[in-house]
Amino acid sequence: MLRLPRFRFVSPPSIEEAIHIRTEHPATSMYVAGGTDVYPKMKRRQFQPEVVIAIGGLVRDDFRGGTLAPLADTLPSVAEEGPLPLGPLPLGLRIGAGATLTEVAEHPRVREGYRALSIAAGLVSTPQLRNMGTIGGNVCLDTRCNWYDQSLFWRTAEGYCMKTHGDVVCRVATSSPRCLAVASADTVPALIALGAQINVVGPNGARTIDLAECYREDGINYLALEPGEIVTEIVLPPSDGWRSTYLKQRDRNSFDFPIAGVAAAVRMDRGVVTDARVAITALGSRPVRVDASALVGTKLDDEAIGAVADATHKAARPMDNTSGTISQRKRAARVFADRALRSLRDD
Amino acid sequence: MSELSILGRRLPKVNAWAHLTGSARYADDIRLPRMLYGRLLRSTRPHALIKRIDISRALAYPGVVAVVTGADMPEKMGIMPSTQDETALAVDKVRYVGEPVAGVAALDEDAAYEALSLIDVEYEDLEPIFTIEEALDRDDVKIHDTSKRANVFKEVHLSFGDVEGGFAKADHVREDWFFFEGNTHAPIESHSAVASYDADGKLTLWTSTQVPHYLHREMEKVLGLPRTRIRVIATPNGGAFGGKSDPFGHEFAAALLSMRTKRPVKITLDREEVFYAHRGRHPVKMRIKTGVKKDGEITAVEFQSYLDGGAYASYGIATTYYTGALLTVTYRVPAYKFDGVRVYTNKPPCGPKRGHGTTQPRYAFECQLDKIAMDLGLDPIEYRLRILQPANSRTVNELRVTSMGLGECLRALRDRTSWERKRSERTKGKGIGVAGSAYISGAGLPIYWNDMPHSGAEIRIDRGGGVTVMCGTSEIGQGSDNLLAAIAAEALGVYPEDVHVVSGDTSLTPVDLGSYSSRVTMMAGNATKNAGLKLREQLVTVAAEKLGIPADRVNLAYRKVYDLKDPERSMSFVEAANLAEAKYGTLVGAGSYRPPAGIGGNYKGAGVGPTPAYSYQAAVAEVTVDLETGQLTVDKITTAHDCGRALNPVNVEGQVEGSAYMGYGEIVVEEQIFRGGLHKKPSLLDYKLPTSLDTPKLETILIESVDSEGPYGAKEAGEGPLNPVIPAIANAVYDAIGVRFDETPITAEKILDALGKRDNRGITKDRIGPTGLGDGKADPKRAMRRLEASTEARERKKTQV
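Here the protein sequences line up with chains A and B, keeping their order. 1 is the number of the first residue of the first sequence in my numbering; add one for each residue after it. 348 is the number of the first residue of the second sequence in my numbering; add one for each residue after it.
Simulated from the structure, these hints should not be mistaken for laboratory data. There's no promise every hint is true.
[Claimed, not checked] Once the Cα atoms are required to be at most 20 Å apart in a straight line, the calculated EDC-like pairs of lysine to aspartate or glutamate come out as:
(1) A:K314 - B:E975
(2) B:K423 - B:E567
(3) B:K893 - B:E922
(4) A:K43 - B:E461
(5) B:K423 - B:D492
(6) A:K41 - B:D457
(7) B:K1027 - A:D320
(8) A:K41 - B:D617
(9) B:K1104 - A:D310
(10) B:K1104 - A:D320
(11) A:K330 - B:E1096
(12) A:K330 - B:D973
(13) A:K314 - B:D1106
(14) A:K330 - B:D1106
(15) B:K1028 - A:D320
(16) B:K907 - B:E884
(17) A:K299 - A:D269
(18) B:K775 - B:D973
(19) B:K398 - B:D472
(20) A:K43 - B:E456
(21) A:K43 - B:D455
[What the hints assert, rightly or not] These stretches of chain B come out as covered by chain A in the derived footprint (C-beta under 8 Å, 3 or more residues):
(22) 449-460
(23) 610-619
(24) 964-977
(25) 1023-1029
(26) 1101-1110
[Claimed, not checked] Here are some chain A residues the structure puts well away from chain B; computed CB gaps all over 10 Å:
(27) T28
(28) V51
(29) L225
(30) G228
Each residue gets a CB set at the ideal place from its N, CA and C atoms; glycine is no exception.
Produce the complete structure using the sequences and hints provided.
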């Protein structure tokens, strides 16, 4: 099998220390949490860090016995008060970025209040990789491309591409001024549809950002984070009145990255939509939030859903660099938006 | 013959626990003292001359012990003696990306890996050929100098019966083109070889191979070491499916590196390298023309196949013939013309994959028969039942058919699947389809011409009643060790767990040609049975004397030797064995098997197709098509398989289900495809092998026709059941959406295209597939330009560093 290159593995005791080490080796270090994407990419020499800094254990959050908690500044913590009754979370939820995808997918509070996230996390790759991979890692997932996600041998034979060698063309579209690698995280559109923010800590302190603002339309510099910043928490707003879902297109029912993904969330009040968000993944270099305002004030009727499905179709810009084809994936954007929204109707 | 005591029972495999717990010792599990780790440098060019190889920097790298290149082993080799066009490592020229060029042995894997990048190879690029059409047309580019016409590897032309007259008599003639995309075996165990050249000048090679005997011959030829000093041991294969039945570069490289260093050397391929080793399913374009009477009776068939062979021969001659040979054994074909051509292209060599060469034409023929049934307004099952080739007959191409259970298979399927009801329910997007097929139980001829047995077995009985079977077969997970144990146990009246099987060892076991062409049950089974019956006779003789009864009343079963009339009169198997050893000396029985003469014709090319007995099978597939996304879901596959006799029904069902799953993958998702000369998806993430969550519900019906030639009536079960699944799914998709898929795989994109939902123009199609051969002139220089762009990019990169 392919083997990992030699590297130095450090497991710092604190986030501050982790940031310090990262800043000391700006060009040659990387953070790692679950390692389900970092290590395979190191084996294929897509990443060649000299120092790998383990942060997964540092961002699992402060709550004993759980990686998810209601917003703690206003609610008693789970550990103190015992399990809270399930139901809408009027104050929201925050998730330590080191929570595994299995933990997120299976957590009763996520299933209850943030169904799209539970579904999306449960559809990532395989059970084994979900047990290792973290939600923070998925949020920061490297963009993918079938010219780039190949071994060093393969890329040598090809002559490399822009993503690893700045002076080489983009193989997907040789005239493209930017890298066209694809945003491929499942949980991100779900989180965007749910209105998530993330807390990050970096060399210049802590800040909170809307997740939707975290991504750039650029396969290389796809994250709008500062060098050295660590995602520590995902913060979800109150779930009352919201219902949500996520639909994923892939070749197989396990293991595969999305080739199209649509998350939809609507807030309903007595059968009428009061707020709505739709977001897509794997249909461009960044996850895109789609304008779903046409749904507001309606009862999720066909016409409004059709308008949003059209908008989703328009927002989808797949290129020929994943499995499947452009037309199939672009079509899936519309069909899945339509199906996702219909599934949120009252029966 | 008395009642069977072991065969026919649902017993666990004798090696089940070792395989289930992972304690079976595969080649890569072997670690020998002072062992070195080897890796191969592979070509980054699809077609290029090697101008120079400089290994000095690699040799100087810390930890590297030896480096070998093609020049060290220039002898031509290959599985088929008549078409040896390969060398262990490339000499002077490379012909596909991934072809082995040099081998490094080092103290550890990391050093070997790093050293590869220090081997300097200077290439001079040649224009590559990637398609069948280009290969047929381009006389100016030669992948091999041996090709007389363009890049043709082999052409075959056969004609039987009055073809012209047949078509003249026909009331209805159909002509269709098909394309079957290439795919690969993807065994879970990647190829691995450990070579150890000892101080006495003897070489032992442990390797995951299906063909230890053929490899033994090639080792002698390439290494220049007499066969008496080479021992090849086939380790348990973690799946093979035909992909481990060629001699491979890494096996020779490990051997030569061991000879050079006097240390054991292991080379295990990584997953990507397995995709380059390939020898998988050929992409084939096919034209098939069939004439029928009004009632559907076939009057003539004309079949043409164009095989994309990749860069080397492999089994290509056999594959080419197989595309034409077996079309005649399922349904009555009174006149038949077959033209086949296999071409070289600059891609990894294609070879035998489960169903070898018969899968593609079977798909084409069964899809066309479905169309004919529709044209004539006949039910597809009823139609096939009408035109069956009879049992104990000869086909137009002179193949001998013995038992023939296809009719029973089809009838069983009709009942079990509620065929008529489901067929009459018309729900758009839901469909059900059927197809039949046949396969050989072992090739009628060996790969090199000889009059010796195809399989030999030796059985020994020890003084504790233990039985050892020695046979040159290779356990590839199909259950061959289990089968030999069960047959020996049946012959001698003991239990399979009393039998120790030693297989696939050229020093210890008599020659068996290998675990390919579904030959083990038929040939090694018969050899083992014969060996066992010889010993049985000795045991019967001594027991009859001791018990004072005539020999024909002695039976052996359940570790007892007893009087059939008075079972109380008995002795234990051990007692009988000890008596026999006292009388005859050491108890060793040898048996062998060679297919009978006269099972095929005498014309040139008649060597491919004959077999002691054909297995027959049919499958019904039920599918759902998502009309909006184009997603095809196969809900259920029911396979009926005529295996002659199920010597172990669990084992047979496992083979049938495995075949159905593999066939499903081939038509729904899998494809070995290239972008330029580069494999597009050389990983298990990107090459979409179905997962357990994708596998349809599988049901198996076993049909037992009890064949006269098979051991205890058995025929093959490992390959044939793959074939009907593929056309059954294509026919079910037609039933679901009214679109013919005359090419594989059936992707969402193609379904959307047919439904007019691929773009805004809304043009629907009733068929997806080729309409003929392309002209081969579609921008022939494109690949070269692409290559140059890459090279330039690389050069730019170099100058900047």
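Which of the numbered hints are not met once you compare them with the structure shown?
Failing hints: none at all.
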